[in-house]
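Engineer: The chain contents come next:
Protein chains: 4
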Amino acid sequence: MSNLENSKKNKYTPSGDGGIKAGIVGGAGYTGGELVRLLINHPQVEIAFINSSSNAGKFVYEVHKDLLGETELKFSSELILSEGNVDVIFLCAGHGEAKKFVEANEIPSSIKLIDIGNDFRLAKDANIKERNFVYGLVELNKIQIQSAQNIANPGCFATAIQLGLLPLAKAGLLKDVYTTAITGSTGAGQSLSATSHFSWRANNISAYKTLTHQHLGEIHQSLHQLQNSFPNSPSGVGGVHFVPWRGDFTRGIYVSSIIDTDLSLDELKTLYKNFYADAAFTHYSDSMIDLKQVVNTNKCLINIEKQGNKMVVHSVIDNLLKGASGQALQNMNLLFGLDETTGLKLKAIRF
Amino acid sequence: MSNLENSKKNKYTPSGDGGIKAGIVGGAGYTGGELVRLLINHPQVEIAFINSSSNAGKFVYEVHKDLLGETELKFSSELILSEGNVDVIFLCAGHGEAKKFVEANEIPSSIKLIDIGNDFRLAKDANIKERNFVYGLVELNKIQIQSAQNIANPGCFATAIQLGLLPLAKAGLLKDVYTTAITGSTGAGQSLSATSHFSWRANNISAYKTLTHQHLGEIHQSLHQLQNSFPNSPSGVGGVHFVPWRGDFTRGIYVSSIIDTDLSLDELKTLYKNFYADAAFTHYSDSMIDLKQVVNTNKCLINIEKQGNKMVVHSVIDNLLKGASGQALQNMNLLFGLDETTGLKLKAIRF
Amino acid sequence: MSNLENSKKNKYTPSGDGGIKAGIVGGAGYTGGELVRLLINHPQVEIAFINSSSNAGKFVYEVHKDLLGETELKFSSELILSEGNVDVIFLCAGHGEAKKFVEANEIPSSIKLIDIGNDFRLAKDANIKERNFVYGLVELNKIQIQSAQNIANPGCFATAIQLGLLPLAKAGLLKDVYTTAITGSTGAGQSLSATSHFSWRANNISAYKTLTHQHLGEIHQSLHQLQNSFPNSPSGVGGVHFVPWRGDFTRGIYVSSIIDTDLSLDELKTLYKNFYADAAFTHYSDSMIDLKQVVNTNKCLINIEKQGNKMVVHSVIDNLLKGASGQALQNMNLLFGLDETTGLKLKAIRF
Amino acid sequence: MSNLENSKKNKYTPSGDGGIKAGIVGGAGYTGGELVRLLINHPQVEIAFINSSSNAGKFVYEVHKDLLGETELKFSSELILSEGNVDVIFLCAGHGEAKKFVEANEIPSSIKLIDIGNDFRLAKDANIKERNFVYGLVELNKIQIQSAQNIANPGCFATAIQLGLLPLAKAGLLKDVYTTAITGSTGAGQSLSATSHFSWRANNISAYKTLTHQHLGEIHQSLHQLQNSFPNSPSGVGGVHFVPWRGDFTRGIYVSSIIDTDLSLDELKTLYKNFYADAAFTHYSDSMIDLKQVVNTNKCLINIEKQGNKMVVHSVIDNLLKGASGQALQNMNLLFGLDETTGLKLKAIRF
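Going line by line, the protein sequences match chains A, B, C and D. One point on numbering: in this note's numbering, the residue at position 331 of the first sequence is 509, and numbering is uninterrupted. One point on numbering: in this note's numbering, the residue at position 51 of the second sequence is 229, and numbering is uninterrupted. One point on numbering: in this note's numbering, the residue at position 96 of the third sequence is 274, and numbering is uninterrupted. One point on numbering: in this note's numbering, the residue at position 120 of the fourth sequence is 298, and numbering is uninterrupted.
Errors might be hidden in some of the hints.
The list cannot tell twin chains apart, which means a pair is met if one copy fits it or any two copies do.
Below are the BS3-like pairs computed for lysine-lysine, each with C-alpha atoms no more than 30 Å apart in a straight line [what the hints assert, rightly or not]:
no., residue 1, residue 2
1, Lys320, Lys302
2, Lys523, Lys320
3, Lys523, Lys278
4, Lys252, Lys277
5, Lys451, Lys236
6, Lys348, Lys387
7, Lys348, Lys243
8, Lys236, Lys307
9, Lys199, Lys278
10, Lys243, Lys488
11, Lys353, Lys488
12, Lys523, Lys252
What the hints contain is simulated information worked out from the structure, not anything from laboratory work.
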């Protein structure tokens with residue numbers, strides 16, 4: 179198979195043969211591209227195929243142009259779905275497409291699926307054709323992930339907001355949460371639109387999907403999992419009240435949530451530090467945080483402050499990495515018993 | 179006086195002689211510069227002096243370099259404080275400096291003062307040497323402003339946040355307010371600092387002064403003025419809970435505030451439209467708003483949304499104009515009985 | 179006519195009746211929008227119509243959203259082409275469309291036309307249906323413009339590059355010119371494309387149309403007009419060798435051209451200062467220039483430097499104003515005998 | 179030594195013991211920070227010390243805040259200069275400081291030095307205290323580098339410009355070169371200045387050091403090394419005529435150079451492809467290039483175009499990586515006989 183041959187010619191030779199054979203469905207989009215960037219340097223992965231019907235036959239670097247000189251892989255219109263030839267498939271085809279893909283194809287149960295989209299995140303959607311999808315927020319479900327067959331990778335806003343709230347939920351302390359979060363333009367994918375037009379978006383800020391963002395479902399589900407008294411789904415009354423903003427930058431999510439609490443700041447810090455003591459990528463920061471501490475990495479940083487009876491928790495991630503493809507690879511590492519951080523020791527852009 | 183002679187040589191000749199004679203103290207900073215930009219095109223103002231001791235003798239365009247070709251005015255180390263030679267003085271010298279200026283100088287009572295800083299905004303600070311400063315938020319205090327001698331010009335965040343809340347306060351509907359607002363870098367002035375360094379701030383977001391921003395005082399004071407049950411000052415318990423963010427753009431403030439309410443969205447819209455029906459620069463927008471609708475103008479646009487029992491009010495201003503020098507000029511127009519919009523019909527940057 | 183009635187309701191009342199009646203064809207694009215922004219504040223213009231078939235019936239502020247609160251004008255699908263009801267028409271419909279418009283309509287010769295596009299800029303294209311178009315670079319052709327019927331408004335790059343070279347051409351000093359210029363994204367209009375997508379363009383730089391940009395024709399024509407020995411059109415051998423770059427900002431053009439010369443720096447400065455001594459908007463700067471000195475204004479600033487036998491001339495403009503709609507209005511002012519700067523005393527964004 | 183102990187606690191455990199022991203002098207600046215980011219993930223390097231007198235005792239992540247969670251290393255005021263305890267020292271202390279460092283300290287000749295600054299780049303400066311510094315442009319001097327003791331790492335602009343010209347120089351084809359290049363703000367380091375202030379630099383462009391940039395020396399020296407007829411140093415007459423621009427982005431350099439040539443485009447492409455056939459990080463691109471293809475990587479991409487008798491060569495690098503710390507590490511890899519790409523397979527930011 180020519181893509182495999184190509185992968186051996188890769189100038190930056192990964193370990194290659196004998197590794198985990200990974201396929202990507204929807205490899206021409208942003209999350210697919212990020213996965214290619216990560217996987218070509220992952221020491222235990224061999225790319226089995228990068229599917230993109232509209233780009234079949236093209237070199238990957240013709241679409242993801244930064245990859246010139248790094249890989250000779252090509253896009254393929256074919257899928258490899260036979261046991262032994264592929265071990266895991268990343269579904270990056272867009273919301274709704276993953277479900278269609280599973281329904282349309284006979285995929286041996288030994289092949290693991292990781293869906294970057296939102297098709298299988300809610301418990302009510304998590305079962306399909308005898309497959310069960312585990313919600314892949316590692317900081318919440320690590321043990322279940324390690325033995326999972328399939329992963330529903332969390333949404334980007336959902337990841338950043340939940341990581342800021344999990345310690346409170348575990349301690350049963352969550353009440354109403356007032357959240358504002360700002361996201362980079364890559365969160366909206368690569369399709370052209372008025373709000374992704376440079377002349378409009380540069381130096382601009384705007385709200386959208388106020389109090390109705392689609393990630394509220396998975397957020398409530400996770401918080402309810404840890405704190406039974408918290409509503410399992412958004413109702414417009416109690417729960418997380420979330421105002422998303424479009425930012426004038428490309429990558430990253432910054433979240434601030436305001437919550438009532440009687441605990442002292444020190445007690446709260448202890449909660450957070452304990453909760454994330456063993457997390458590979460999520461860390462409590464004693465000093466103020468800024469977005470570019472995590473851009474181009476798989477990390478999440480968290481800081482809390484308090485005044486009167488209100489606490490504010492700030493959290494930051496890279497929406498395409500910890501909020502999508504990086505977290506998907508972290509999940510893959512766990513599925514295959516590897517160190518969580520393999521292939522994810524990424525240099526931050528910082529400046 | 180050579181500056182006056184210079185002003186007559188101004189290529190873009192303002193009406194000049196016979197107009198309002200205006201002085202600027204602290205003319206080399208951002209707000210001073212914006213005032214110069216506005217005043218040289220104001221048809222009824224003649225600039226009496228632009229004080230900046232560190233730049234005395236320089237042409238104004240040597241500091242505010244965009245003014246090359248538009249004015250031959252120079253900075254002066256002198257002050258003109260004699261009746262008949264100056265009618266109004268804008269104090270742009272930085273927080274704390276206005277008070278020192280008033281204390282140090284004998285200024286005839288006929289000369290009006292407009293302080294861009296925060297020295298006289300709170301009622302407890304508003305009286306000094308038989309001068310009383312009226313809080314210059316036109317949408318709140320228009321009648322008092324029209325007959326005022328001195329103006330304490332509102333803060334930038336304070337302006338944007340209050341304009342989003344005044345209609346609710348007037349209707350007695352305010353409860354706890356959960357506010358996040360993002361500001362451009364010019365809000366921090368032109369002094370050099372780590373957080374205004376381009377390499378750090380570009381593409382970055384960060385919170386600061388969480389729940390403790392100094393504008394909370396004037397915000398509470400105004401809301402309490404309209405709704406007696408709202409706390410007169412921030413306490414950390416009830417009131418406005420405000421998280422300010424540094425944005426990666428230069429100009430503008432975007433605010434979203436979340437508030438509990440039983441009113442319907444239609445009732446709320448009616449409240450807002452009625453409240454601002456006669457406002458010259460503040461308008462309710464039926465469609466979603468974005469920051470660049472107002473950048474480089476003196477306008478404020480407001481939009482509200484509702485879900486369940488929560489409403490969100492979004493408001494946008496240019497921090498240096500409606501949030502500082504533009505509002506100061508609007509106040510000056512009112513002090514002298516001019517149309518509020520004189521000299522303030524500014525072309526938005528939009529893109 | 180309802181638009182006229184609307185214009186009287188304009189909150190920022192322009193002089194209105196009795197003024198120059200102006201129509202805009204293609205009012206929904208960037209240059210059309212900028213014209214509306216300028217014309218509603220022009221003291222001697224009354225807007226007769228703003229044509230946009232796709233937006234007919236909508237308020238102008240529904241498309242140009244910054245205009246909310248400033249005008250109640252609506253887009254119209256109709257054209258007003260009858261004597262007495264319109265005095266001047268701005269053609270902003272896109273390259274090629276102006277020619278079609280003139281060919282398709284019977285327009286009384288008393289109605290003046292100003293084409294923002296490139297249909298009539300070259301001498302060979304300048305005559306159509308007994309109309310002659312004068313190339314509207316004021317610094318080159320002011321006298322001809324004052325008595326012209328129709329104007330071919332210069333291109334944005336063409337304006338910035340020519341203004342940097344005219345003094346040399348007039349002195350007969352031009353040899354090969356090596357030019358690099360960078361433009362804001364608005365130069366590419368508001369259509370969506372891969373290179374105007376925010377996620378791609380932010381923080382990015384790229385060259386395009388290397389040595390082949392379509393403005394080279396009008397540039398050579400003008401330089402040849404002043405210096406007969408300079409080629410009248412681009413040949414790929416002698417002349418202006420121009421590399422255009424896409425910048426990661428929205429507005430403005432920065433040009434640096436390198437030219438061989440035997441003159442001293444002082445002699446060169448004298449040439450430039452003399453050439454532009456009477457120009458209303460183009461000024462020689464003794465200190466280094468930067469782009470934001472002119473953004474959101476109709477100005478051009480120029481600075482030159484010299485080392486060995488090479489001089490470098492830097493020039494900056496706002497591509498949508500001096501490079502398009504502002505220059506068009508400057509031309510209109512001249513066509514109607516007004517002061518060139520009327521309605522064009524614009525506040526720079528500066529920060 | 180406690181830093182070494184700390185390095186073993188590093189969460190992302192590098193190979194550690196037995197590797198190359200590297201020290202960094204000036205570890206708190208941009209290039210020092212980038213080196214730390216690279217070295218902590220380099221499989222064959224152990225960090226011996228990170229010297230910064232002003233930050234001694236602080237955790238590295240307190241200064242380079244993105245490193246929180248990745249390393250427990252601390253800054254040290256001490257230097258380790260004894261054989262066996264350090265194998266290579268990176269000098270990142272700023273121009274002029276490296277020379278002082280070498281003069282002030284007794285450094286065993288077995289310890290290799292890599293100077294990121296410009297102290298030893300010119301042949302006339304390359305010898306000091308029996309040490310000889312090889313100019314570390316790998317694409318030019320690979321063989322000399324492999325057997326070198328000390329490296330003078332090339333400047334950022336110098337790297338990008340030279341890589342665009344080396345194939346022509348080798349073929350003896352260089353004549354006058356007209357170069358414009360734009361750089362990100364990180365090129366100016368982290369010191370605060372008017373031109374690195376966010377409010378000024380955002381959305382701005384400006385030229386500086388026109389035709390006089392200090393990198394012209396090393397550029398001419400290298401080109402002369404390959405083409406004897408090319409001047410060995412800048413004279414203001416023949417050679418490279420270079421206009422540097424400040425860009426409104428943080429990272430990267432984009433260069434376009436215009437050169438006379440009689441060769442066809444195909445012949446030129448062949449020259450470039452052959453010259454870089456074996457280069458690890460420098461690649462000829464058949465399609466147009468843009469800056470973000472290389473940001474956050476150690477790569478250089480090159481594309482050429484031709485019209486008439488003029489060719490234009492475009493080249494792009496990340497100024498902090500290929501233009502500084504990445505190239506330094508590439509040099510280190512060669513000094514120690516490692517694969518050039520070790521530790522440098524970096525994920526591009528791309529968006």
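Engineer: Now tell me if each hint is right for this structure.
Structural biologist: Do the hints match the structure? See the list:
In this homomeric assembly, Lys320 and Lys302 come within 30 Å of each other (Cα to Cα) only inside a single copy, at 20 Å, whereas the closest approach across copies is 56 Å. Within a single copy, Lys523 and Lys320 get their C-alpha atoms as close as 19 Å, and across copies as close as 29 Å, so both meet the 30 Å cut-off. In the homo-oligomer, the alpha carbons of Lys523 and Lys278 never lie at most 30 Å apart, since the shortest distance is 34 Å inside one protomer and 36 Å across protomers. Only within a single protomer do Lys252 and Lys277 lie at most 30 Å apart by alpha-carbon distance; the minimum there is 25 Å, versus 46 Å between protomers.
Taking identical chains as interchangeable, the C-alpha atoms of Lys451 and Lys236 lie at most 30 Å apart only when they sit on different chains, with a minimum of 21 Å there against 47 Å within one chain. Taking identical chains as interchangeable, the C-alpha atoms of Lys348 and Lys387 lie at most 30 Å apart whether they share a chain (28 Å) or sit on different chains (28 Å). For a Cα distance limit of 30 Å, the shortest separation of Lys348 from Lys243 across copies, 28 Å, qualifies, whereas the shortest one inside one copy, 44 Å, does not. Taking the shortest alpha-carbon separations for Lys236 and Lys307, neither the intra-copy value of 33 Å nor the inter-copy value of 51 Å comes in at or below 30 Å.
When the C-alpha separation of Lys199 and Lys278 is checked against a cutoff of 30 Å, the pair qualifies only within one copy, where the shortest distance is 23 Å, while the shortest distance between copies is 53 Å. Taking CA atoms no more than 30 Å apart as the test, Lys243 paired with Lys488 passes between copies only; the shortest distance there is 27 Å, against 47 Å inside one copy. In this homomeric assembly, Lys353 and Lys488 come within 30 Å of each other (Cα to Cα) both inside a single copy, at 11 Å, and across copies, at 15 Å. In this assembly of identical chains, Lys523 and Lys252 lie within 30 Å of each other by CA distance both inside one copy and across copies; the values are 26 Å within and 20 Å between.
Of the hints listed earlier, those the structure fails to meet are numbers 3, 8, in rising order.
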